[in-house]
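Now that you have both chains on their own, put them together as the hints suggest.
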Amino acid sequence: MQVAYDTKFFIQWPEHLGGGSITIDLEGTMIMSPLLMA
Amino acid sequence: MALLTQEVIETRRRTKEAVQRVTFGVNALYGLSRESVLFPVSARESIETGQVCVTLDPEAEQASNLGVIDYEAGSISVRYGIQAVFPGLYNLIRSGKHDPSLLNPVRAIATDKCTVTEDLRGFHAMGCLDFLPGSLWAGAEGG
Numbered sequence: 097m098q099v100a101y102d103t104k105f106f107i108q109w110p111e112h113l114g115g116g117s118i119t120i121d122l123e124g125t126m127i128m129s130p131l132l133m134a
Numbered sequence: 005m006a007l008l009t010q011e012v013i014e015t016r017r018r019t020k021e022a023v024q025r026v027t028f029g030v031n032a033l034y035g036l037s038r039e040s041v042l043f044p045v046s047a048r049e050s051i052e053t054g055q056v057c058v059t060l061d062p063e064a065e066q067a068s069n070l071g072v073i074d075y076e077a078g079s080i081s082v083r084y085g086i087q088a089v090f091p092g093l094y095n096l097i098r099s100g101k102h103d104p105s106l107l108n109p110v111r112a113i114a115t116d117k118c119t120v121t122e123d124l125r126g127f128h129a130m131g132c133l134d135f136l137p138g139s140l141w142a143g144a145e146g147g
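As they're listed, the protein sequences go chains A and B. Read in order, the letters of the first sequence correspond to residues 97 to 134 in my numbering. Read in order, the letters of the second sequence correspond to residues 5 to 147 in my numbering.
For reference, chain B alone in the conformation it holds in the complex (with noise of 0.2 Å):
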């Protein structure tokens, strides 16, 4: 084992390492779709989504909105639970066929594995969504 000495301290003191690997959390979040999307409301019924908005859940745990940026990878790791607001609910519970609780926020939990931009300001992600309970489409789950 090399004696630590004055000169290898300053030797280390130079050296800059680069940071490979950053663990965030993931503090607000907002999504939108550009088009409407076909849910199922049953094993026959679907109907347009409307423009689908996300944001972060305010009633999930907060340290469970992580991810790891890898940047010799190019890639990003994050999951975190959002609440998704699906305008077309509106209608169904209008037709009054279904219960106006249809209309409470749907809760899921996002996991992306995601290819960070050559500008490093963004990502392009592969998700997984998983329904929590509560909500009409529960149980539904990314592949």
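Next up, chain A with everything else stripped away, as it sits in the complex (with noise of 0.2 Å):
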């Protein structure tokens, strides 16, 4: 099963790196399979 990817996601930076956070939006496609249903 192929889907729409749109994720926005969110990364906090360690200290090392200045602190703070930032968010990052992709999109694309997912394929994904059925394991087990319920």
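Hints were generated in silico from the structure; no laboratory data involved. None of the values given here were measured: they were computed from a predicted structure. Treat the hints with caution; some may be incorrect.
Per label pair, the in silico range of CB-to-CB distance [stated by the list, open to error]:
no.: 1; chain 1: B; residue 1: Cys57; chain 2: A; residue 2: Pro130; range: 24 to 34 Å
no.: 2; chain 1: B; residue 1: Ala47; chain 2: A; residue 2: Lys104; range: 20 to 30 Å
no.: 3; chain 1: B; residue 1: Ala67; chain 2: A; residue 2: Ile118; range: 44 to 54 Å
no.: 4; chain 1: A; residue 1: Ser129; chain 2: B; residue 2: Ser79; range: 15 to 25 Å
no.: 5; chain 1: A; residue 1: Thr119; chain 2: B; residue 2: Arg83; range: 10 to 20 Å
no.: 6; chain 1: A; residue 1: Thr119; chain 2: B; residue 2: Val12; range: 30 to 40 Å
no.: 7; chain 1: A; residue 1: Met133; chain 2: B; residue 2: Arg98; range: 43 to 53 Å
no.: 8; chain 1: B; residue 1: Glu76; chain 2: A; residue 2: Pro110; range: 35 to 45 Å
Taking beta-carbon pairs under 10 Å as the criterion, some of the chain B residues facing chain A (in silico) [claimed, not checked]:
no.: 9; residue: Gln24
no.: 10; residue: Arg38
no.: 11; residue: Glu49
no.: 12; residue: Ser68
no.: 13; residue: Leu70
no.: 14; residue: Gly92
no.: 15; residue: Leu96
no.: 16; residue: Gly100
no.: 17; residue: Asp116
no.: 18; residue: Pro137
no.: 19; residue: Trp141
no.: 20; residue: Ala142
Footprint (simulated), chain A over chain B, 3 or more residues, beta carbon under 8 Å [as the list claims (entries may be wrong)]:
no.: 21; segment: 27–37
no.: 22; segment: 40–48
no.: 23; segment: 61–67
We treat Cβ as the ideally placed atom computed from N, Cα and C, and that holds for glycine.
Right, here's the structure in full:
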């Protein structure tokens, strides 16, 4: 099953990289296969 | 307790229970950012990443790329390993001030909490990225 992938990631930087945080938006495709249904 | 009769069995066979939850494996992924992002390379210096590209991490355990779709709630929870490419690192390496190993693929674990789109053909996610050891951004994590 191929689905549209649209994710906003949140990242927090460690202190040695100055701290703070950013978000990054990614779009694309994810392919999944069912393993178990309930 | 009701007796198990032929009629009870026939009734069970006729009853179609809707599947509410599906556990799935993530087999492949590509994701692109529309824009460059400012990533820190030290406490005082940052770089433009260029267009970021992510794929499934071939070094991650395949069994760790898993998710659950809950159709009733219209939600997906999924966890998967990624490798990310940041073209902006190339310029950083060319400056000669940084180790070429920075160009190695950056590995991270992504955890998404998603809302399934109305047509069930995709999802919108709010995710966290936890960078694994071996990259400039090791230790950065989702909130």
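Against the earlier hints, flag every one the structure doesn't satisfy and list their numbers going up. Checked against the structure, the hints that fail are numbers 3, 6, 12, 14, 15, 16, 18, 23, while the rest are satisfied.
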